[in-house]
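**Q** Now for the letters of each chain:
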Amino acid sequence: MDIKDVENLAELAKIDLNEDEKKQILKDMGGILEYVKTIESVKLDETKLTYDTYNVWREDKIEPQEFSKESIIKQFPDKQDNFLKVKKIL
Amino acid sequence: MIDLKNLTIEKVHESFKSGEFTCKELVEEYLKVIKEKNTELNAYLEIYDDVLNQADEAQKKFKDGTATILTGIPFAIKDNILFEGHKASAGSKILENHVAVYDSTVVKELKQQGAILIGRTNMDEFAMGSSTQTSAYGVSRNPYDTSRVPGGSSGGSAVAVAGDMALVSLGTETCGSVRQPASFCGLVGLKPTYGAVSRNGIIAMGNSLDQVSPFGKNVRDVEIIFNALSKYDPMDSTSISPKSPKPSLGENPLSWASGKSVYKIGVPWHLFEKGVDPEIMENFKKSIKKLEDSGCEIIDIKLPYSKYSLEAYYIIMPAEVSTNLSRFDGMRYGFSAEGKNLAEVYMKSRGKGFGKEARRRILLGTYVLSHGYYDAYYNKAIKVREKIKEEIVETFKNVDLIATPTTPTTAFKLGEKLDDPVAMYLCDIFAAPANLAGVPALALSSGKDKNGLPFSIQFMAPHFCENSLFEIGKKFELISPDVKSGSRPKGVGK
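Protein chains in written order, with the working numbering: chain A, 5 to 94; chain B, 212 to 705.
In the DSSO-like style, the derived pairs of lysine-lysine whose C-alpha atoms are separated by at most 30 Å in a straight line are:
id	chain 1	residue 1	chain 2	residue 2
1	A	Lys-83	B	Lys-563
2	B	Lys-661	B	Lys-628
3	B	Lys-485	A	Lys-47
4	B	Lys-274	B	Lys-442
5	A	Lys-89	B	Lys-304
6	B	Lys-496	B	Lys-598
7	B	Lys-551	A	Lys-89
8	B	Lys-513	B	Lys-475
9	B	Lys-298	A	Lys-91
10	B	Lys-319	B	Lys-272
11	B	Lys-272	B	Lys-442
12	A	Lys-31	B	Lys-628
13	B	Lys-513	A	Lys-47
14	A	Lys-41	B	Lys-513
15	B	Lys-518	B	Lys-608
16	B	Lys-551	A	Lys-18
17	B	Lys-500	B	Lys-686
18	B	Lys-628	B	Lys-485
19	B	Lys-298	B	Lys-442
20	B	Lys-567	A	Lys-89
21	B	Lys-274	B	Lys-243
22	B	Lys-608	B	Lys-485
23	A	Lys-41	B	Lys-624
24	B	Lys-563	A	Lys-18
25	A	Lys-91	B	Lys-567
26	A	Lys-78	B	Lys-298
27	B	Lys-485	B	Lys-496
28	B	Lys-624	A	Lys-26
29	A	Lys-73	B	Lys-563
30	B	Lys-298	B	Lys-246
31	B	Lys-628	A	Lys-27
32	B	Lys-659	B	Lys-246
33	B	Lys-567	B	Lys-304
34	B	Lys-661	B	Lys-686
35	B	Lys-563	A	Lys-92
36	B	Lys-598	A	Lys-41
For the record, the hints were derived by calculation from the structure and aren't laboratory data.
Could you put the whole structure together from the sequences, leaning on the hints where they help?
**A** Written out as structure tokens, the structure is:
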């Protein structure tokens with residue numbers, strides 16, 4: 005991994021980093037990847053892997069919720085006429 | 212004057228019923244200790260302003276006969292558990308001033324029973340850490356030695372109970388975040404079976420691992436809280452419904468209900484060959500000897516895949532973190548940075564809002580999920596996880612419980628391991644198998660080291676066999692009377 009990889013990951017994850025932070029992350033990632041990489045050496049036989057997870061569905065019904073629209077709108081960092089206001093997208 | 216250090220939930224309940232003291236009198240005692248100690252220990256980030264009203268409401272339940280065992284019991288809750296109308300920041304700057312718009316299911320349950328929620332406690336940012344040092348709101352300190360960490364990520368909840376600033380508390384676990392601070396602070400901590408307690412209204416970190424987990428000063432208190440909170444919740448799709456197919460893994464072939472005289476306890480000695488403090492090993496061996504002397508059968512077991520638990524965890528968890536934390540974008544709540552356009556608002560809000568460890572894990576997760584690395588890391592890790600689960604379930608066909616030390620060291624100094632992420636991660640090496648396999652685990656105190664810092668032993672049980680943990684925990688308390696909750700940290704509480 006090099007500094008370009010860090011920049012690419014930061015761009016994908018939408019996290020602004022300064023030069024020092026990038027260098028620090030690169031160093032930390034090196035250590036962590038070195039550690040977790042031992043997983044590659046684990047030998048797995050081909051016996052069954054039973055994934056016991058399953059989907060849980062519910063009907064798409066309209067039900068009253070206890071939280072109010074106002075309490076949610078109140079937390080918007082920026083708003084206009086009760087709508088969330090964001091910067092220009094294009 | 213109430214003797215806070217020797218209180219239990221049942222004692223308090225009896226005292227409320229007999230009128231020895233009122234809900235308000237008890238909570239006022241705790242508020243006094245908080246006023247005295249919290250500036251130094253930083254267990255609480257906030258004391259709720261409606262605590263005394265809550266106490267009055269609880270008292271009414273005793274008058275009108277609707278009181279339950281938890282009515283009037285003072286709880287501290289971790290800063291990632293939503294309580295409507297109150298702040299919940301998950302220890303992060305990006306959620307500063309975020310106010311919960313609804314109650315988490317666990318809070319709703321506690322409110323219904325009239326428990327008193329004193330305040331929200333400090334934690335590692337987004338529950339990422341093992342020492343409560345990554346919080347955006349300062350470190351918490353261990354009441355046994357204030358130059359040391361209380362463990363983490365639920366450090367504040369542990370300090371609140373160990374420092375007699377609450378009778379009991381709730382934390383959350385993703386990998387040892389309750390058992391490890393319970394260990395460092397001389398408490399009992401339970402990580403319930405995955406799916407046993409609702410996570411609705413908990414700020415998530417790793418969805419396939421997270422569980423709400425209680426702290427107490429003794430096994431019985433933790434048992435009471437677990438029994439109150441463990442119920443099916445349709446709002447959490449991982450909550451286990453009585454109707455849903457039980458994971459086939461959950462059947463313990465050995466019946467506990469009959470009150471057995473011989474407990475078979477498996478010990479994976481081969482996992483402790485490296486990296487465990489000699490003093491910890493010595494204490495653990497003593498504990499095992501005590502169990503053996505009291506009639507338990509100790510069996511040497513092998514868990515070859517569990518050896519890789521922490522490596523698998525540090526791939527799976529960051530992957531889940533990187534997707535989970537994408538919702539924090541500076542748009543709808545919390546911290547928002549100025550930017551020229553939308554992309555810049557995202558970049559800057561997340562860049563400034565997340566601390567070091569959160570950024571590290573988000574990037575690591577993004578990496579292990581990215582094209583070209585997915586198979587080598589993430590895919591391999593989930594396969595290893597399945598093997599760990601399988602071997603643990605297989606082991607429980609021969610033993611009732613698995614015992615290990617809770618942590619490889621006792622509480623370490625503040626500042627230590629902060630610049631060495633892997634050293635910090637290794638704190639949770641014995642915690643990881645239970646979270647990855649989804650089985651319940653209980654940590655409880657097993658004595659003190661030469662500096663007076665608590666040791667801890669951990670028991671794991673098969674899925675949905677929390678009762679086995681409570682039984683062995685109470686037995687262990689009886690055979691190790693010197694380690695019970697009586698021996699509190701010096702100078703704390705009354």
